[in-house]
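A.B. asks: Sequences listed follow chains A, B and C, in order. FYI, in this note's numbering the residues of the first sequence are 1 to 354. FYI, in this note's numbering the residues of the second sequence are 1 to 353. FYI, in this note's numbering the residues of the third sequence are 1 to 306.
FYI, nobody ran anything at the bench for these hints, they're computed from the structure. Predicted model only: the values in this text are computed from it and were never measured. Using N, Cα and C, we set each Cβ at its ideal position, and we do this for glycine too. The reader is advised that the hints may include incorrect statements.
Claimed, not checked - Covered, in the sense of this in silico footprint (three residues per stretch, anywhere, with C-beta under 8 angstroms from a C-beta of chain C), are these stretches of chain B:
{"hint": "1", "region": "179–186"}
{"hint": "2", "region": "191–199"}
{"hint": "3", "region": "213–225"}
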Amino acid sequence: MLRMRITKRQEPLGIGGSCFVLLTALSLSLLVSAVLLYLGGTSPIRGISVLFQGAFGSRYALEDSILKAIPIFLCALGVAVAFRLKIWNIGAEGQFALGAIGATWIALSFPAWPKFILLPAMIGMAMAAGGLWGLIPALLRQKLRTNEIIVTLMMNYIAILFLDFLVYGVWKDPTSFGFPMTPGFSEQAIVGKIGATAVNWGLVHCLVLGTLVFFFFRFTRIGFEIKASGDNVRAARYAGLPYDRLVMLVMVMSGALAGWAGFLEASATVNRLQPSIMVGYGYTAIVVAWLARLHPLSIGIAAVLLAGLRVGVESLQLDLQVPAAFGGIIEGLILLTVLAGGLFTHYRLVPRKH
Amino acid sequence: MRVWKALLAVLLIGAVNTAYGADKEMKVGFVYVSPIGDAGYSYSHDKGRQAIEALPGVTTSYVEAVPEGPDSERVMQNMARKEFDIIFATSFGYMDPMLKVAKQFPKTVFMHCSGFKTAENMGNYFGRMYQARYLSGMVAGAMTKGNVLGYVAAFPIPEVIRGINAFTLGVKSVNPNATVRVVWTKTWYDPATEKEAAKSLLDVGADVIAQHQDSPGPQEAAQEKGVYSIGYNSDMATFAPKAHLTAPVWNWAPYYTKVVEDVRKGTWKSEAAWPGMADGVVDLAPFGPMVPKDVQDKVNAEKAKIVAGTQKIFVGPIKDQNGEVKIADGVVATDPELLGMTWFVEGVVGTTK
Amino acid sequence: MTFEIIIALLAATVQSGTPILYATLGEIFTEKSGVLNLGVEGAMIIGALTAFIVARFTGNPVLGFLAAGLAGSLATAIHGVVCLGFQGNQVVSGLALTILGVGLANYIGTGYVGMSAPGFQPLAIPGLADIPVMGPIFFQHDPLVYVSYLIAPLLWLFFARTRFGLGLRAAGEYPAAAIAAGLNVAAYRWLGIMVGGFFMGLGGAYLSLAYTHLWTTNLTAGRGWIAVALVIFAFWRPGRAVFGAYLFGGIMALQLRLQASGTQLPSSILLMLPYVLTVLVLVLSSWRKGTSEQPGALGVNIEPVD
Chain A
1 MLRMRITKRQ
11 EPLGIGGSCF
21 VLLTALSLSL
31 LVSAVLLYLG
41 GTSPIRGISV
51 LFQGAFGSRY
61 ALEDSILKAI
71 PIFLCALGVA
81 VAFRLKIWNI
91 GAEGQFALGA
101 IGATWIALSF
111 PAWPKFILLP
121 AMIGMAMAAG
131 GLWGLIPALL
141 RQKLRTNEII
151 VTLMMNYIAI
161 LFLDFLVYGV
171 WKDPTSFGFP
181 MTPGFSEQAI
191 VGKIGATAVN
201 WGLVHCLVLG
211 TLVFFFFRFT
221 RIGFEIKASG
231 DNVRAARYAG
241 LPYDRLVMLV
251 MVMSGALAGW
261 AGFLEASATV
271 NRLQPSIMVG
281 YGYTAIVVAW
291 LARLHPLSIG
301 IAAVLLAGLR
311 VGVESLQLDL
321 QVPAAFGGII
331 EGLILLTVLA
341 GGLFTHYRLV
351 PRKH
Chain B
1 MRVWKALLAV
11 LLIGAVNTAY
21 GADKEMKVGF
31 VYVSPIGDAG
41 YSYSHDKGRQ
51 AIEALPGVTT
61 SYVEAVPEGP
71 DSERVMQNMA
81 RKEFDIIFAT
91 SFGYMDPMLK
101 VAKQFPKTVF
111 MHCSGFKTAE
121 NMGNYFGRMY
131 QARYLSGMVA
141 GAMTKGNVLG
151 YVAAFPIPEV
161 IRGINAFTLG
171 VKSVNPNATV
181 RVVWTKTWYD
191 PATEKEAAKS
201 LLDVGADVIA
211 QHQDSPGPQE
221 AAQEKGVYSI
231 GYNSDMATFA
241 PKAHLTAPVW
251 NWAPYYTKVV
261 EDVRKGTWKS
271 EAAWPGMADG
281 VVDLAPFGPM
291 VPKDVQDKVN
301 AEKAKIVAGT
311 QKIFVGPIKD
321 QNGEVKIADG
331 VVATDPELLG
341 MTWFVEGVVG
351 TTK
Chain C
1 MTFEIIIALL
11 AATVQSGTPI
21 LYATLGEIFT
31 EKSGVLNLGV
41 EGAMIIGALT
51 AFIVARFTGN
61 PVLGFLAAGL
71 AGSLATAIHG
81 VVCLGFQGNQ
91 VVSGLALTIL
101 GVGLANYIGT
111 GYVGMSAPGF
121 QPLAIPGLAD
131 IPVMGPIFFQ
141 HDPLVYVSYL
151 IAPLLWLFFA
161 RTRFGLGLRA
171 AGEYPAAAIA
181 AGLNVAAYRW
191 LGIMVGGFFM
201 GLGGAYLSLA
211 YTHLWTTNLT
221 AGRGWIAVAL
231 VIFAFWRPGR
241 AVFGAYLFGG
251 IMALQLRLQA
261 SGTQLPSSIL
271 LMLPYVLTVL
281 VLVLSSWRKG
291 TSEQPGALGV
301 NIEPVD
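All chains should be modelled from the sequences, with the hints used to inform the complete structure.
C.D. replies: In structure tokens form, the structure reads like this:
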């Protein structure tokens, strides 16, 4: 048997090589999925083609995938900001909920404000609420050294139940026959669609915010300090960087971005607040941010791909009666193979000499 | 003359087309909120789907575990674009998305379960489950020794509240001193939590457990404690043969068949349909062997009255938990009142918040 | 509340804490070796399904229980391949394992919904079960609860008193130093992942064989995530994990009993209690302590170059 040995590359793998590895990983996961499909009695070729058709194969499919990618992108962008400093914020889900709550509060309180005042006010409150929800674990971490992973995770559950509390209680629409939903937003509180497409203006928000975050890390001093501190906390402290303040800053930014996503979901897609707004984008965001190595552009691509996968799986169900759980299997396999393929960015396999 | 021939030909083709239309191939789609493997609510709808799949000239498909927000809108749009003739969406949260999609696809028939909105091409429907709940309450009220009954409830929405109220009215019709204690789990299928909720009710003295979730967790709790239980959705007797008294159950096949046939014949009209026991959509599972004959007879007699339409269940005077009269003496609650029920009747211990 | 209800509450606390306890101890074992595994939920649910299927077809719940452990190990081995073999990021790999595991279990498990399997029944321990107060709380449960009593002290002994345990901790604290000292760090990390996965699988089995005797999709319902949080809460100590799991399970059981007793508090607020209190207790204990006992190299892969 040929024994292999791992050696470090002098230079990281170039773009062409990376693409090759990525494609190999994707093919491998699709191959395994195809075998599973075959075992389940579905034609694997048909299955994979239906999956792609459903995800990106038509204008509608493409629009749907982009639409679903918007909240994932913003949450992932936020998560990536915190991860740059190696602050493990897994609370995007809760910050998203608080953003939706904040935006809804403004939308319900001042429905008659003109659009150009109301929407910015909703965004502002969403960012403030999401940012505050992110600030709490940062403060606890700094003052009491509590671990942010557990605090942000627990605060996700608390935020979702708080949303429930409002929607089942004080904010319940009196005309909804007792069902848990707020009244619908006024026309002014709704972010509209771009032209005749199904995609809303949130896409433009994403482009702007993604660019801003990119420039923030590329060209500002604070952005540089965050990266430097993330790479080496001790050295950064030694160099006199305000580490504690940076922690608070990234958590607030992180929360504000997730909050913005919550605002868009409430305003543009649901047009009201209801418990079903929470579908786990905050957790998906962690995967997306990591796969994209925290880079805004890559986050965009990863978000659209993952959203597309989820959209495509619905076609798989509808056309070929493949159970919903199959989507999780493909997603898990893709993540694992792509992750494993990352080895070849910095290392290579060479035959072991005897 | 040629013109007439041509016209005749057109008419003939038209006639053939119409005749063909009568047994036109129908594509029917279902949207479920949970996986059909939930053994409960979605599963019971899927049984109905399987029944219409067996009809000649009907093909069906479904998408399961669809969240109630924008995802459901996309799924329904997708179905409509793929030229499904009828789309059934079986959870409350699908109402607004369905309304949006119905406007975009006026030729498709949309059917929404458990809501209250309709459109030209969108009907809504639900089953009068409360009728079966009432009967199950009668059984529970007759079987309790300590006059405390436990009800493991899912989410405080009108459907669940209405069920608890009907159950309680059924209990009190045979046992005026009994009270019904409610615990909310905020879950539809988390067997461990639901079982724990049932145990918490057993701890405070409940000796019959009813439930409104999809898992048989509460049934197990009752059996282990050696007390009785009332199932839900489908016959849960296999999970707790010694405890299971009966269960209010869904049977969607007759209703779904009717809708499909109506659409095929072109006689379908948008309406708010609320079929009940008389239509076979809801029923009571067979009684367990421990239910005495006289109780069975009494319940069956009441069931006959419900089917005949003489027992309406929510007939005043009905007081709420504070003793305030909510439905006046002799008045029958209207369907909108039942649909939007957010208060507990007297005899329920718990909160609707 | 009467005395009996309090006893019943505490007994319920032990029971609802047990599946989380198994999983938490498993994750502690894995993290001690320096590997962060966020795939607990995935390993648990695969364990739950395997336990159910094996018990159903062999008629023997003990076999089901053990098979669940093996299935948990197999599931987490995927994490090992990706992180130890291919240097994949541990956070993403764990999340992916959860997604994959839940998908796989629901995919395969759909056919088993609504079936029943032989499970474990309560078994009072003679002598101990009759002790007032303590007996009904601790010694009138199913055998799997008693097994869980043994695991925490055994783990403590393992970490504190055995060479293997020391090696495992070294792999998690100072892998570079451990390698220099001639330890096979990769092997220790594999051990950490596989044994941890074994316990996670057992936690899943508790849900399908003892707590309830049935299988439905999403049976674990997020308990794996609670376990991940409780590891940090426990400062990576088995003893504190017992406290954390029972605290969490206890508050859950308590809020249900408050509802059953007729409280007027909204259910959303009551359901928040377990999470709020977990954070509060963590804050209080961090306050007193001031340091974290996180394994030094947690989540950091070892360079594979030889």
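A.B. asks: Look at each hint and say if it fits the structure.
C.D. replies: Hints versus structure:
With 6 residues carrying a beta carbon less than 8 angstroms from a beta carbon of chain C, the region 179–186 of chain B meets the three-residue requirement, and the given coverage holds. Requiring three or more residues with a Cβ within less than 8 angstroms of a Cβ of chain C, the coverage given for the region 191–199 of chain B holds, as 7 such residues are present. With 6 residues having a beta carbon nearer than 8 angstroms to a beta carbon of chain C, the region 213–225 of chain B meets the requirement of three or more and the stated coverage holds.
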